[in-house]
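We have chain A; now place chain B onto it with these hints.
Chains A and B supply the protein sequences, listed in that same order. Residue 381 in our numbering sits at position 381 of the first sequence; the count goes up by one each step and never skips. Residue 19 in our numbering sits at position 19 of the second sequence; the count goes up by one each step and never skips.
Hints in this document: simulated from the structure, not taken from any laboratory. Since the structure is predicted, the reported quantities are computational estimates derived from the model, not experimental observations. Here a beta-carbon is modelled for each residue, glycine too, at the ideal position from N, C-alpha and C. Please note: incorrect hints may appear among the correct ones.
[Claimed, not checked] Capping the alpha-carbon separation at 20 Å, the derived lysine to aspartate or glutamate pairs in DMTMM-like fashion look like this: (1) Lys36(B) with Glu50(B); (2) Lys36(B) with Asp605(A); (3) Lys112(B) with Glu91(B); (4) Lys267(A) with Glu154(B); (5) Lys112(B) with Asp99(B); (6) Lys36(B) with Asp602(A); (7) Lys36(B) with Glu82(B); (8) Lys413(A) with Asp200(A); (9) Lys163(B) with Glu153(B); (10) Lys267(A) with Asp159(B); (11) Lys413(A) with Glu266(A); (12) Lys36(B) with Asp71(B); (13) Lys36(B) with Glu518(A); (14) Lys267(A) with Asp200(A); (15) Lys163(B) with Asp638(A); (16) Lys337(A) with Glu266(A); (17) Lys337(A) with Glu154(B); (18) Lys413(A) with Asp338(A); (19) Lys36(B) with Asp75(B); (20) Lys36(B) with Glu601(A); (21) Lys337(A) with Glu518(A).
[To be verified] Across the chosen pairs, the derived CB separations fall in these ranges: (22) Ser89(B) with Leu418(A): 18 to 28 Å; (23) Pro42(B) with Ala479(A): 56 to 66 Å; (24) Ser550(A) with Leu127(B): 55 to 65 Å; (25) Ile320(A) with Ile78(B): 49 to 59 Å; (26) His569(A) with Ile124(B): 49 to 59 Å; (27) Ile320(A) with Ala86(B): 51 to 61 Å.
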Amino acid sequence: MIVELGHFALILACFVALIQAALPLWGAQRGIAPLMALARPAAQIQFLLVLGAFLALVHAFVTSDFSVNLVVQNSHSLKPLLYKITGVWGNHEGSMVLWVLILTLFGALVATFGGNLPAGLQARALSVQAMIALGFLLFIVVTSNPFLRVLQPPADGHGLNPVLQDPGLAFHPPFLYLGYVGFSIAFSFAVAALIEGRVDPAWARWVRPWTLLAWCALTFGIAMGSWWAYYELGWGGWWSWDPVENASFMPWLAGTALLHSAIVVEKRDALKIWTVLLAIIAFSFSLIGTFLVRSGVLSSVHAFANDPARGIFILLLLTIAIGGSLALFAVRAPALKDSGLFTPLSREGGLLLNNLFLSVAAGVVFFGTLFPLFASAFGYTVSVGAPFFNLVFGILMTPFLCLLPFGPLLAWKRADLLGAAQRIWFAGLVAAVAVILLLYMINGGPALAIFGLGLAAWLIVGAFADVAERIKLFRAPPAASWSRLRSVPRATLGMTLAHGGLGIVIAGIVAASAWRAEQILVMRPGQSTDISGYSVLFQGVSQVDGPNYSAERGEFVVSRDGAELARLHPEKRFYPVQAQSTTESAIRTTGFGDLYLVLGEDQGDGARAVRIYHNPLAPWMWVGAVIMVIGGLISLTDRRYRIGVPSRRRAPSAAAGASA
Amino acid sequence: MAQDSGWLRSTLIVAWLLLAPVLLTNSWPAAAVEPKEMLADPALEARAREISRGLRCVVCQNESIDESDADLAHDLRILVRERLVAGDSDEQVVQFIVDRYGDFVLLRPPVKPETYLLWASPAILLLLAGAIIALYLRRHRGAGTMPQPLTAEEQARVDALLKADVDP
Numbered sequence: 001m002i003v004e005l006g007h008f009a010l011i012l013a014c015f016v017a018l019i020q021a022a023l024p025l026w027g028a029q030r031g032i033a034p035l036m037a038l039a040r041p042a043a044q045i046q047f048l049l050v051l052g053a054f055l056a057l058v059h060a061f062v063t064s065d066f067s068v069n070l071v072v073q074n075s076h077s078l079k080p081l082l083y084k085i086t087g088v089w090g091n092h093e094g095s096m097v098l099w100v101l102i103l104t105l106f107g108a109l110v111a112t113f114g115g116n117l118p119a120g121l122q123a124r125a126l127s128v129q130a131m132i133a134l135g136f137l138l139f140i141v142v143t144s145n146p147f148l149r150v151l152q153p154p155a156d157g158h159g160l161n162p163v164l165q166d167p168g169l170a171f172h173p174p175f176l177y178l179g180y181v182g183f184s185i186a187f188s189f190a191v192a193a194l195i196e197g198r199v200d201p202a203w204a205r206w207v208r209p210w211t212l213l214a215w216c217a218l219t220f221g222i223a224m225g226s227w228w229a230y231y232e233l234g235w236g237g238w239w240s241w242d243p244v245e246n247a248s249f250m251p252w253l254a255g256t257a258l259l260h261s262a263i264v265v266e267k268r269d270a271l272k273i274w275t276v277l278l279a280i281i282a283f284s285f286s287l288i289g290t291f292l293v294r295s296g297v298l299s300s301v302h303a304f305a306n307d308p309a310r311g312i313f314i315l316l317l318l319t320i321a322i323g324g325s326l327a328l329f330a331v332r333a334p335a336l337k338d339s340g341l342f343t344p345l346s347r348e349g350g351l352l353l354n355n356l357f358l359s360v361a362a363g364v365v366f367f368g369t370l371f372p373l374f375a376s377a378f379g380y381t382v383s384v385g386a387p388f389f390n391l392v393f394g395i396l397m398t399p400f401l402c403l404l405p406f407g408p409l410l411a412w413k414r415a416d417l418l419g420a421a422q423r424i425w426f427a428g429l430v431a432a433v434a435v436i437l438l439l440y441m442i443n444g445g446p447a448l449a450i451f452g453l454g455l456a457a458w459l460i461v462g463a464f465a466d467v468a469e470r471i472k473l474f475r476a477p478p479a480a481s482w483s484r485l486r487s488v489p490r491a492t493l494g495m496t497l498a499h500g501g502l503g504i505v506i507a508g509i510v511a512a513s514a515w516r517a518e519q520i521l522v523m524r525p526g527q528s529t530d531i532s533g534y535s536v537l538f539q540g541v542s543q544v545d546g547p548n549y550s551a552e553r554g555e556f557v558v559s560r561d562g563a564e565l566a567r568l569h570p571e572k573r574f575y576p577v578q579a580q581s582t583t584e585s586a587i588r589t590t591g592f593g594d595l596y597l598v599l600g601e602d603q604g605d606g607a608r609a610v611r612i613y614h615n616p617l618a619p620w621m622w623v624g625a626v627i628m629v630i631g632g633l634i635s636l637t638d639r640r641y642r643i644g645v646p647s648r649r650r651a652p653s654a655a656a657g658a659s660a
Numbered sequence: 001m002a003q004d005s006g007w008l009r010s011t012l013i014v015a016w017l018l019l020a021p022v023l024l025t026n027s028w029p030a031a032a033v034e035p036k037e038m039l040a041d042p043a044l045e046a047r048a049r050e051i052s053r054g055l056r057c058v059v060c061q062n063e064s065i066d067e068s069d070a071d072l073a074h075d076l077r078i079l080v081r082e083r084l085v086a087g088d089s090d091e092q093v094v095q096f097i098v099d100r101y102g103d104f105v106l107l108r109p110p111v112k113p114e115t116y117l118l119w120a121s122p123a124i125l126l127l128l129a130g131a132i133i134a135l136y137l138r139r140h141r142g143a144g145t146m147p148q149p150l151t152a153e154e155q156a157r158v159d160a161l162l163k164a165d166v167d168p
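Okay, chain A solo, but in the shape it has when bound (with noise of 0.2 Å):
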């Protein structure tokens, strides 16, 4: 019963996103306030309907409700509960009705936040938010149903994939849709606009927030995705420029160049055109990411045609929505006039630079990921791997990650390139510093890699330089820094902790593929080996039973200098329902570097083979990476974005800008 509430719900949905796309935007065209009134409540219903048939399905896994096809596909009775509720979204049709429920929110939080938008703006990109749901709805009902029973519910289900039995890889597709489905927001903002024929800064400072948002998810999303890789798959890697990964890079590369070409129609009234085609780009990858990644098509053409209705749908849905607003985009970007004027060496010049390269990149990234499949479309075979990508990335983000210091310290319209520099002249000599003593401690290693570790340098101390001088660190006594740094706009402190949080990432992807050293080897019980100053010593295996698996578990213990400083416990594991085995490493983590223990095949007479890493700074990826994050989230605690987001009342969107 509850099953069908949800199918019901869902169909609901349909009509409901159809009356919001359709009325609100025929009301703003003719100015018919009632029609446009519409969307606000049309968006808030949908999202509950979406939410009611997202819940129906999260109780049918959660109660096992074999009489589900889906349920039985993807799980087991005796499956812990966090997997069964994941599992909702571990399947192609979850995972669909979970972005669209992402897709609603954020129309239902425009709606009932976005008060002090201007009627039109909002009718029409509420408008715009519910064509896409409506064509993602469509695509559900019509050919990815979650709802379908079976005549004959079996005892029990066929599990989830064990690998996919993790927390990392759980909690990721969530953040990578809310990163996926925040970009549409922009869009819908975009085409607005564009129907609208009018883009202001205020337009880009509503957009801004919500990009922003989108983008922490986005990559955290990401980053959470390439830390599950590096401990589950069982060789210590992190990113394999997969078409998978690059699905979610694209979006990113361009979703960070719409959060920098955005500030500069805020501010500066110019470079509007580039924005609102950013916008439209990011979002399309977006939705090419999801597409790519849900129909297979990368991995092999067949898994496409292996449906054929899904594959004509996902084409036909891509050619409408890109397809749609870049002709839109043709025909109405040349009435948008840029008034703001700069000289090339300038803020707005360096955020240009930052498009640039971040375009590129997303370009870059795009051509070779499909390349192969262009190639075969001509009888042409061919693998475009990890090898290119570094390659062709190295060398294009090298001189960006050169540059970008100085991006910050560049005054509007136009600059003193003197003046920034020797602003920074101070980030300059630390990081010059950090390459010359490496080279002495390591006694050389391979060039490239300490030049890009005295670039993550750079990066970090050139990202708090600016706000270093601000608060006159080491100038002034500490409290009166203290208090300096509490009115540094949190947009400044964001854009820091994003800034060297880069540097970190590059610092722990530089160190850990560069001085990585491990050892395979066959161990006996009893039998120590040494590696990067560690002693590590194999006890033996035992086994051990977890709730839907057995497991092999060694017993390793690490010391140094006789000292013991830990023990280790990797583990094989077996699930019995799907006949898999999985591989669970186990890491010892200084934050400068991971000890990494994967245990391997029986070799007999107790001796196992082993697989040991140590992978130097590899966490500062992911600690990293979650700077940028903070970085983020305390840019958009922004006063100036109380402004143009969204509060509900007047009252508590000023008691805050008081008391910020």
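Relative to chain A, chain B alone:
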């Protein structure tokens, strides 16, 4: 390379891609190179690892044979080591594998007419974007600003918002 063998290879690859998820389910996830496969000579083994990292496990999704646990990756790792022991240079080993599996096996695509477009794409995109920016800057060069005047309705909103924000 003959056209017909290319067609056959694509068919085989597609067939593999279709079958791979089925065939690999019981051996996933990967555990990469095994100790017993490794060569006693560290210099030779290091070369084998380096070569392995550049070769795609053609039945897997975007994994090198060094990372993959698939049987085919295992066979290729052995093959690479056999060629090295036989005295082949790194290039000869790679060529040996490419002759059998085609360019598809290379994770770093070769530079040849079929891939010129791919390798040139970053430069093309950079030039294109650079040209657009240069054009924009030429048109918008200048220090003066001409902000658009606000409409009366907007001015009223701005006043209201500013007032609301300042008042406690």
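Results of checking the hints against the structure:
In summary, the hint linking Lys36(B) to Glu50(B) is supported, as the alpha carbons are separated by about 18 Å, within the 20 Å threshold. Between Lys36(B) and Asp605(A) the CA atoms are separated by roughly 15 Å; this keeps the pair inside 20 Å, and the hint holds. Note on Lys112(B) and Glu91(B): the hinted pairing holds, with a Cα-Cα distance of about 16 Å set against a maximum of 20 Å. For the proposed pair Lys267(A) and Glu154(B), the alpha carbon gap of about 17 Å is at most 20 Å, so the pair holds.
Simply put, Lys112(B) and Asp99(B) have alpha-carbon atoms about 15 Å apart, close enough for the 20 Å limit, and the pair holds. Distance hint between Lys36(B) and Asp602(A) is fulfilled; the C-alpha atoms sit about 12 Å from each other, no more than 20 Å. In summary, the hint linking Lys36(B) to Glu82(B) is supported, as the alpha carbons are separated by about 14 Å, within the 20 Å threshold. Distance restraint check for Lys413(A) and Asp200(A): the Cα-Cα separation of roughly 18 Å lies within the 20 Å cut-off, and the hinted pair is therefore satisfied.
Of the supplied pair hints, the one linking Lys163(B) and Glu153(B) holds, its CA atoms being roughly 15 Å apart against a limit of 20 Å. Distance restraint check for Lys267(A) and Asp159(B): the Cα-Cα separation of roughly 18 Å lies within the 20 Å cut-off, and the hinted pair is therefore satisfied. Using a Cα cut-off of 20 Å, the hinted pair Lys413(A) and Glu266(A) holds, with the two alpha carbons roughly 14 Å apart. For a cut-off of 20 Å, the pair hint linking Lys36(B) to Asp71(B) stands: about 14 Å separates their Cα positions.
As the CA atoms of Lys36(B) and Glu518(A) are separated by approximately 16 Å, the hinted pair is consistent with the 20 Å bound. A C-alpha spacing of about 10 Å is found between Lys267(A) and Asp200(A), which places the hinted pair at or below 20 Å, so the restraint holds. The straight-line distance between the Cα atoms of Lys163(B) and Asp638(A) is roughly 18 Å, inside the 20 Å bound, and the hint therefore holds. As the CA atoms of Lys337(A) and Glu266(A) are separated by approximately 14 Å, the hinted pair is consistent with the 20 Å bound.
Our distance criterion of 20 Å between C-alpha atoms is met by Lys337(A) and Glu154(B), whose separation comes to about 19 Å. Restraint check for Lys413(A) and Asp338(A): the C-alpha separation of about 14 Å stays at or below 20 Å, so the hint holds. Simply put, Lys36(B) and Asp75(B) have alpha-carbon atoms about 13 Å apart, close enough for the 20 Å limit, and the pair holds. Between Lys36(B) and Glu601(A) the alpha-carbon distance is near 11 Å, which keeps this suggested pair within the 20 Å criterion.
Between Lys337(A) and Glu518(A), the direct Cα distance comes to roughly 58 Å. Violation of the 20 Å bound is thereby established for this hinted pair. Against the hinted window of 18 to 28 Å, the Cβ-Cβ separation of Ser89(B) and Leu418(A) comes to about 52 Å, which falls outside the hint. Taken as a hint, the range 56 to 66 Å holds for the pair Pro42(B) and Ala479(A), whose Cβ atoms sit roughly 59 Å apart. Between Ser550(A) and Leu127(B) the Cβ separation comes to about 58 Å, which falls inside the hinted range of 55 to 65 Å.
In this structure the hint that Ile320(A) and Ile78(B) lie 49 to 59 Å apart at CB holds, the actual value being about 51 Å. Between His569(A) and Ile124(B) the C-beta distance comes to about 51 Å, which sits within the given range of 49 to 59 Å. Between Ile320(A) and Ala86(B) the Cβ separation comes to about 58 Å, which falls inside the hinted range of 51 to 61 Å.
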